[in-house]
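There are 2 protein chains.
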Amino acid sequence: MITSTTGPQPADFADVRATNLAVVLRFVREHAPCSRADIAASTGLNKATVSSLVADLIDRRLVRETGLTENRVGRPATMLVLDGSPYAAIGVEIGVDTVSAVATDLAGGRLLTWRRAFSGGDSVSQSVAGVGAIVRRVVNRMAKEERQVLGLAVAVPGLVDVQGTVRLAPNLGWHDADLGGDLAKALRDPGFPIQVDNDANLAALAEQRFGPHAGAADLVYLSGGVGVGAGIILDGRLRRGGLGYSGEIGHVQLDPEGPVCHCGRRGCLEAVAGIGAVLRKDLSPAETQAEIEEVVRQARSGDPGTLARLTSVGTGLGQGVAILTNLLDPAVVILGGYYVPLAPWVLPAVHDELGRRVVAPGAPEVVASTLGHDAAALGGAARVLDSIDSGRLPGGLARIP
Amino acid sequence: MITSTTGPQPADFADVRATNLAVVLRFVREHAPCSRADIAASTGLNKATVSSLVADLIDRRLVRETGLTENRVGRPATMLVLDGSPYAAIGVEIGVDTVSAVATDLAGGRLLTWRRAFSGGDSVSQSVAGVGAIVRRVVNRMAKEERQVLGLAVAVPGLVDVQGTVRLAPNLGWHDADLGGDLAKALRDPGFPIQVDNDANLAALAEQRFGPHAGAADLVYLSGGVGVGAGIILDGRLRRGGLGYSGEIGHVQLDPEGPVCHCGRRGCLEAVAGIGAVLRKDLSPAETQAEIEEVVRQARSGDPGTLARLTSVGTGLGQGVAILTNLLDPAVVILGGYYVPLAPWVLPAVHDELGRRVVAPGAPEVVASTLGHDAAALGGAARVLDSIDSGRLPGGLARIP
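Protein chains in written order, with the UniProt record's numbering: chain B, 1 to 401; chain X, 1 to 401.
Since the hints were derived computationally from the structure, they do not count as laboratory data.
Just to be clear, a hint being listed does not mean it is correct.
Unchecked claim - Derived pair list, reagent style EDC-like, types lysine to aspartate or glutamate, alpha-carbon separation capped at 20 Å: (1) K281(B) <-> E294(B); (2) K47(X) <-> E65(X); (3) K47(X) <-> D56(B); (4) K144(B) <-> D83(B); (5) K47(B) <-> D56(X).
No experiment lies behind these values; they were computed from the predicted model shown.
Can you build the whole structure from these sequences, using the hints too?
Shown next as structure tokens:
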């Protein structure tokens with residue numbers, strides 16, 4: 001008999017009840033309508049424990065009872081469904097010249113999608129004031145709908161440590177910014193948790209929960225913005241590394257003789273296959289968007305220079321995806337940002353490189369993201385919902401009148 | 001408030017009781033002697049559930065009761081300690097010319113360490129017969145000590161899929177070998193699970209459980225044998241990728257103009273910084289061992305050519321560790337195999353490269369393994385113990401007279 005591996009897990013003994021609450025909540029999310037007896041039968045928890053856990057979830061308005069069903073053998077049972085109508089999750093993405101905000105309900109349905117101009121080049125305190133104002137408006141809108149905000153997660157294009165400090169965001173000019181703390185102050189301690197994360201990490205969570213490959217256990221998202229970063233999901237969870245800095249694929253060296261990168265090194269993935277290599281010049285994000293559209297037009301018309309350039313970018317990107325594949329063996333790699341419109345011309349070269357470079361049988365599926373430009377903001381909401389699913393349940397509804 | 005991230009986990013509802021058994025077992029391992037009330041207080045499980053779980057663990061002779069203690073307020077409590085005296089875990093490593101076997105008790109104490117000559121170049125069936133004979137002798141020895149074998153895990157230098165099939169082991173000349181199934185037949189269905197895994201994966205598990213960095217949540221082991229592979233532990237668990245092929249760092253390209261590798265590609269880590277680059281020739285494993293000792297002597301005597309060669313190997317290895325670090329951000333990287341004796345001359349260049357290439361603040365600790373040549377075999381035993389700790393408990397002791 002061959003069994004699959006499991007290793008020791010951190011001994012988080014105090015979380016057993018929270019874990020079991022989360023198990024029941026996820027069971028109801030996936031199997032509603034269902035009875036307490038169904039939950040007990042499927043989870044191995046005893047009936048008294050299930051009743052206690054369900055009562056707790058009903059108190060928190062995460063689950064509600066619906067009518068009896070008699071469509072079964074024996075006594076009719078009270079059926080349970082997901083509630084969560086009085087809640088909202090908020091995700092915000094800070095870009096170089098825009099802020100995006102997304103709010104969803106507990107089931108992930110979109111309640112709100114905003115995009116606002118924003119000057120990321122301002123100081124951290126000016127930026128926090130601007131982001132804070134937008135978040136306050138989102139929170140007010142949710143309050144009008146009588147929804148309590150479960151949490152906020154903010155995506156930043158840069159290195160974010162496990163405590164949520166923005167250690168370095170070169171394109172925003174930020175370093176060592178306590179964005180979460182500053183936002184909490186700007187929002188005057190709003191009563192919900194604020195999390196800060198890298199944009200590729202949150203976009204990966206959005207793909208995991210909402211994308212066409214939702215549920216894939218081993219998925220990597222590659223952001224194609226001003227920089228290139230990876231959000232790495234392995235065995236169903238985002239893997240951020242010891243300090244929180246995983247996914248920095250943009251400055252992995254592909255060629256010691258390659259072009260000089262912004263970072264001063266040579267032949268980095270970003271220099272070989274980033275948006276700068278597509279456009280061959282540095283532009284503002286607004287100009288970049290227009291230029292990418294022009295590149296797409298040229299590619300569609302079969303312009304040989306453009307096609308050669310996109311093949312070269314695909315070759316570099318394929319080298320990067322091959323490194324990811326040899327090291328991590330993901331089932332799917334999702335290209336985001338500016339790579340999405342360019343995918344038809346970039347992907348063939350990516351696949352060629354995978355064929356050449358991947359050691360093991362079976363390369364991952366490589367696809368363009370379908371979640372659009374607010375993938376990281378949506379991922380912020382996904383991260384809030386992930387916290388709920390993991391047992392960080394809202395305490396009550398005291399803040400809603 | 002900033003909280004750490006958690007994502008959705010696979011909904012393994014049926015495993016809740018097994019998980020809770022494992023929670024209690026691990027609590028006893030870490031806190032013995034302890035009472036049922038201690039367990040209930042620390043885990044959040046109710047007392048009735050804890051009593052039922054403890055009774056189960058006592059039935060399985062994984063936990064036993066010791067005397068009462070009165071050294072506390074209120075009623076004296078019956079104290080619990082880890083038992084497991086009637087059990088053994090077996091790990092085996094198949095090398096090119098040796099087989100190593102290790103047996104440990106439930107607490108990881110060594111019961112047996114064997115190393116035997118072995119001709120890995122034989123056909124799979126001849127090899128299975130040879131390995132099977134050794135395992136049978138280990139099992140018989142354990143039976144004499146009245147220990148039931150909890151499981152066997154076998155380390156193979158090659159690609160092993162998640163089902164345990166050896167897809168490719170170039171240095172053994174094996175492909176698509178159902179080693180676990182064949183061994184089970186050779187052992188005539190021995191009544192314990194047989195697992196097969198990549199050697200670097202198992203060595204990483206050995207480091208995680210028994211090494212000086214035991215318990216590190218984010219740890220990478222780099223094997224330095226005939227090939228170079230990585231065992232990747234993130235967030236406390238081995239991450240084997242979607243198909244089981246993670247860690248294939250040996251054929252990540254460091255330099256498109258680099259030396260030709262055995263695999264036919266150019267500038268692979270193995271070609272730049274593998275044992276072949278140290279020795280500059282291909283030798284049998286026995287000869288390699290002698291040659292490495294000679295290289296160490298030369299390095300100790302300050303031979304400039306040898307020192308330059310080892311610095312060059314360290315530079316290449318540092319490039320590989322930098323890629324690992326940028327992508328995965330481990331806290332510690334452990335060099336195994338032939339890198340261990342060479343570490344004093346290789347590590348300085350590794351650290352230089354990390355300083356040059358790692359994007360985020362804070363490079364990982366890079367150290368030589370202290371577990372010796374049977375790290376992967378010891379890791380096999382660790383994998384068996386991991387299975388127990390995760391709730392795959394032995395059913396009973398019927399097989400022991």
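A quick look at each hint next to the structure:
1. As the CA atoms of K281(B) and E294(B) are separated by approximately 14 Å, the hinted pair is consistent with the 20 Å bound.
2. The straight-line distance between the Cα atoms of K47(X) and E65(X) is roughly 17 Å, inside the 20 Å bound, and the hint therefore holds.
3. Taking the CA atoms of K47(X) and D56(B), the gap is near 19 Å; set against the 20 Å cutoff, the hint holds.
4. Using a Cα cut-off of 20 Å, the hinted pair K144(B) and D83(B) holds, with the two alpha carbons roughly 19 Å apart.
5. With a C-alpha separation of about 19 Å, the suggested pairing of K47(B) with D56(X) holds against the 20 Å cut-off.
Of the numbered hints listed earlier, not one is contradicted by the structure.
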